[in-house]
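Taken in sequence, the protein lines are chains A and B. Our numbering applies: residue 1 is where the first sequence begins, and numbers increase by one. Our numbering applies: residue 1001 is where the second sequence begins, and numbers increase by one.
These aren't lab readings, by the way, just hints derived from the structure by calculation. We put the beta carbon where it would ideally sit given N, CA and C, even for glycine. Misleading hints may appear alongside valid ones.
From the structure, some residues in chain B lie toward chain A, with a derived Cβ separation under 7 Å [to be verified]:
1) Glu1053
2) Ala1057
3) Val1060
4) Ile1061
5) Gly1065
6) Ala1066
7) Val1069
8) Val1072
9) Phe1073
10) Met1076
11) Asp1128
12) Pro1129
13) Val1130
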Amino acid sequence: MKDAFASLADWFFAEPIRIYLLASVIKSAVVLGVLLTAVAYTVWLERKVVGHMQNRWGPTRVGPFGLLQPAADGIKFLFKEDLTPPHVYKPLFLAAPLIAVIFALTSIAVIPFGNSFTIRGYSIPLQITDVNTGLLLILGVTSIGVYGVALAGWSSNNKYSLLGGLRASAQMVSYEISLGLSLVGVLIKSGSFSLRDIVNSQAGHFWGFIPHWNIFTGQFVGFFCYLMAAYAETNRIPFDLPEAETELVAGYHTEYSAMKFAMFFMAEYANMITVACLATLMFFGGWNGPLFGPRILQIILPVFWFAAKVSGFLFLYIWVRGTLPRFRYDQLMAFGWKFLLPLALVNLIATAIAIAW
Amino acid sequence: MLNVHLILFLAFGAVCVAGAVNLLAQTHPINSALSLIAVMAALAGEYLLLGAEFVAAVQVIVYAGAIMVLFVFVIMLLNAGVEEHTQGSRVAILFGVPGMLLGSILVAWVVLQHSGTESVAAGALKGDPVTIGQLLFHQFLLPFEITSVLILIAIMGAVVLASKPPTSPAPAPARKVD
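Using the sequences and the hints, build the whole thing.
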């Protein structure tokens, strides 16, 4: 018995395991912290950029350039009264924001954001966990996230909320097909579900300057389909029908207040960041970019390129929000089923033929 | 390491059975639907432990993420209320319970006959797109295509059932003019 414990302790405290555990804990903490900060500052960026697009200033009062506005908002959300209306179905009313935010934050776990580096002979990849079905895991987790919105709409027991929840579930199921199909072209090219392999398959250049990113090697149509479907999946303008303020008060989160309301917004912005990360990994070569300088810069630069590309996508999101009006609901469905789905299928067939040639 | 897998397998199995029992016990359709989602998710965990990563992911994406969303959608759309539970039929008790016992014995017997078969461990099978594609479009091409035709027929049947028969346009409702 003593030997068994001793061997277990040996196994547990062996150096590879210790390094692995320590690295995992540090990576998880850092990634979660960065993600939550990014969520808060995407809200700030959106208010600032849309403000400037509409000839306003956006937040300016709290801190320089309004940079402390997210902190002020967070404190306000924490201290506001958390109302639960008497007519709601309580268990699901409480569970819905949790479902939304948990599944939105989970999918970051498989996203790689840089090369691996070596400490004392142990290679540590810049990614919380590298699973060989990483892409499928992200699709699965985001497809579960719709329950947060749908159940919030239903359990609020309010016609506007219910309509918002119904719209969200119909819209997300419709556009998920196009989203999945638009990524299959990339899968055919890379031959792997692992996001790290997909990024590594995009390394290199044509003639020394045009990178081998999937968008430059024939997946432009796939990228277009992905972008459209991703806007719809994250309920963003021009597809923000589930929370259309002019029609449905606030849609599925009409009855929510304080931190529960904030959770829905955290989920929405976390989903935006996930979708932007996935676009970068699948079509824009992930962390691939010019590398130079000493060894420490070789580790930091890929992360910088990755973050820069993701920020570009987030800016695109905000730009579209400041530019386009909202679709009508029948237009949304017609666009998804009659235009985007056939286009994604054509892209898939064309890619398959081109690879088989 | 194998024991950890066994414990996890049994735990997911327990969640699966508990979800299925809860599905029957709940009176509100939305609670039943949510229990079914728990069953689906636990099944995905079982597939993962059996080494079938692709099947596990598809289980979550298709069943938990798409089909069950439509279930919930329909329940929300119809605003289905609380069900009434009946006493249950005597036929079900007379034939169902012995039938279930017989089935369990049969399954146990078959499993024991094949107990020499090696069990698969997580990560034993290759789950990359190339292997999946080879299996679907070479070895299992006929079942795969027949299933797709079956689904197509089901879709067409649903469209036929849902479309209203062509009728003469209804007369415009008389408008009151004050």
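Hint by hint, where does the structure go against what was stated? Just the numbers, ascending. Failing hints: none at all.
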